[in-house]
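Protein chains in written order, with our numbering: chain A, 248 to 404; chain B, 248 to 404; chain C, 13 to 102; chain D, 13 to 102.
Derived by calculation from the structure, the hints in this document are not laboratory data. Beta carbons: idealized from backbone N, C-alpha and C, even for Gly. One thing to keep in mind: the hints can contain errors.
[Claimed, not checked] Coverage of chain B stretches by chain C, computed from C-beta distances (three or more under 8 Å per stretch; other residues unrestricted): (1) 250–260; (2) 379–393.
[To be verified] To give an idea of the interface, some chain D residues facing chain A are shown, with a C-beta separation under 7 Å as derived from the structure: (3) V17; (4) Q22; (5) P37; (6) S39; (7) Q78; (8) C81.
Single-letter residue listing:
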Amino acid sequence: MFALIGDADFDQQWLYNRLRQEASQKAKGNVGAIVTFTGLVRDNNADGNILGIELEHYPGMTEQALTNLVQEAITRFSLTSAGAVHRVGRLYNDEQIVWVGTAAPHRAAAFEGANFLMDMLKQSVPLWKKEFTRDNSRWVEVKASDDKAALAWLREK
Amino acid sequence: MFALIGDADFDQQWLYNRLRQEASQKAKGNVGAIVTFTGLVRDNNADGNILGIELEHYPGMTEQALTNLVQEAITRFSLTSAGAVHRVGRLYNDEQIVWVGTAAPHRAAAFEGANFLMDMLKQSVPLWKKEFTRDNSRWVEVKASDDKAALAWLREK
Amino acid sequence: MNVTVKTFAQLREITQEGCFTLTLPESAVTMGDVITLLKSRSDKWSQALGASAGSENGSVLMARNQQLCDIQTHVQPGDELAFFPPVTGG
Amino acid sequence: MNVTVKTFAQLREITQEGCFTLTLPESAVTMGDVITLLKSRSDKWSQALGASAGSENGSVLMARNQQLCDIQTHVQPGDELAFFPPVTGG
């Protein structure tokens with residue numbers, strides 16, 4: 248498993264290869280499904296004048312919380328392997344911001360694991376987004392739908 | 248959109264880049280989610296002596312059916328773009344066999360679209376798997392669970 | 013009239029005819045008629061298409077000009093007709 | 013006893029204190045006690061932690077040694093305590 252936090256853009260092929268290789272080492276011949284989710288920065292302001300977002304994090308805790316989350320997903324969905332990457336710092340619209348990947352014998356577990364990682368990441372990993380325009384910046388508010396998605400997993404437990 | 252059938256192994260980075268680029272051209276600043284699913288050949292025989300599978304297809308119809316399916320997914324889930332790749336011919340255990348990718352403004356549509364593509368592909372695209380060992384080969388039987396998954400989407404319509 | 017008939021996977025192996033031209037009598041107008049004709053072609057075809065071919069739960073699928081169809085589908089001269097088992101890709 | 017206090021995002025901006033050492037009286041044993049103490053530190057802190065901080069639906073989250081915790085959590089000398097708003101990553 249892996250959980251990475253950093254400023255630099257990430258490489259799809261490198262992440263996919265790492266996930267596939269780890270899974271293959273653990274269960275050769277029994278990895279049928281690999282799912283990846285990549286989040287890009289959206290210009291989600293109706294005015295269309297947002298240039299991007301600035302991501303603040305809690306160094307140390309962010310890495311630990313993301314590691315714990317990936318391990319929880321592996322246990323909960325019996326994944327063969329999983330990984331997550333989140334960027335911090337200043338990101339412009341359309342840039343890659345987050346990646347999660349899951350490997351499992353079957354498709355359902357890989358898809359559920361990836362969804363779980365994204366839902367819980369929005370709840371339990373200390374990262375904060377601030378949208379910026381040319382002249383201003385504003386903290387992004389928590390979405391009620393994000394809280395609900397995370398709560399649903401907690402209830403299912 | 249794209250729908251590809253071929254013998255050769257496929258390249259994750261190339262497919263991801265193509266999907267992202269197509270999506271960005273169509274809706275710059277409004278592509279928040281990219282999901283990919285990759286299927287690998289599993290050694291799903293309890294004896295563990297299956298070496299791989301031989302994939303037969305219906306040249307012409309396979310490409311058309313896969314194209315229709317990708318277009319249906321785009322319409323149904325309002326995807327920004329989508330693509331699918333399926334290999335044919337002789338594939339050994341752990342090789343990549345199928346890839347689907349979806350791009351959408353939000354995560355839910357991208358995940359649902361990818362799941363739909365896989366469920367329906369197992370139902371409507373003329374491809375047939377034959378497992379081979381060192382000495383023998385045997386056609387893979389249809390799974391009842393695959394039929395059920397496809398039917399569920401048809402009912403939801 | 014002439015049509016092209018194709019088979020795939022198990023059906024190709026059983027019939028040992030993957031692709032051939034079939035001459036239909038004027039009375040053969042639907043896929044159902046074609047199936048009846050093919051079943052009388054040889055024991056292998058009779059076995060391949062079985063009792064259930066074309067029925068609701070039939071284990072044989074059929075396509076006309078590369079589109080899935082059923083026993084009611086009408087056939088035209090020059091059509092490409094195909095018969096194959098349920099698909100197992102993915 | 014001494015602890016380290018960290019703040020992030022809005023809380024860092026409001027308090028204008030991102031990281032500092034806080035000396036606690038012996039009577040301060042829980043995160044709740046620390047919050048009471050911080051609120052009396054300045055108007056900015058009072059505003060940052062608000063009325064709801066630490067309550068069930070509080071909009072301030074807290075961590076002890078980089079693990080999420082709540083107002084009942086006990087505090088030890090040398091701890092790293094952090095206060096921040098609900099997270100918005102992903």
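Results for each hint:
1. For a cut-off of 8 Å, the count of residues in the region 250–260 of chain B with a CB near a CB of chain C stands at 0, and the three-residue condition is violated.
2. Counting residues of the region 379–393 of chain B whose CB falls under 8 Å from any CB of chain C gives 5; the rule of at least 3 is met.
3. A least Cβ separation of about 13 Å between D:V17 and chain A goes past the 7 Å threshold, and the interface hint is therefore violated.
4. For D:Q22, the interface hint holds, since its Cβ comes within 7 Å of a Cβ in chain A; the closest pair sits about 6 Å apart.
5. Taken as an interface hint, D:P37 does not check out: its beta carbon lies about 27 Å from the nearest beta carbon of chain A, beyond 7 Å.
6. Hint on D:S39 is violated. Least Cβ distance to chain A is approximately 28 Å, over the 7 Å limit.
7. At a threshold of 7 Å, the smallest CB-CB gap from D:Q78 to chain A is about 4 Å, leaving the interface hint in force.
8. Checking D:C81 against chain A: minimum C-beta separation of about 12 Å lies over 7 Å; hint violated.
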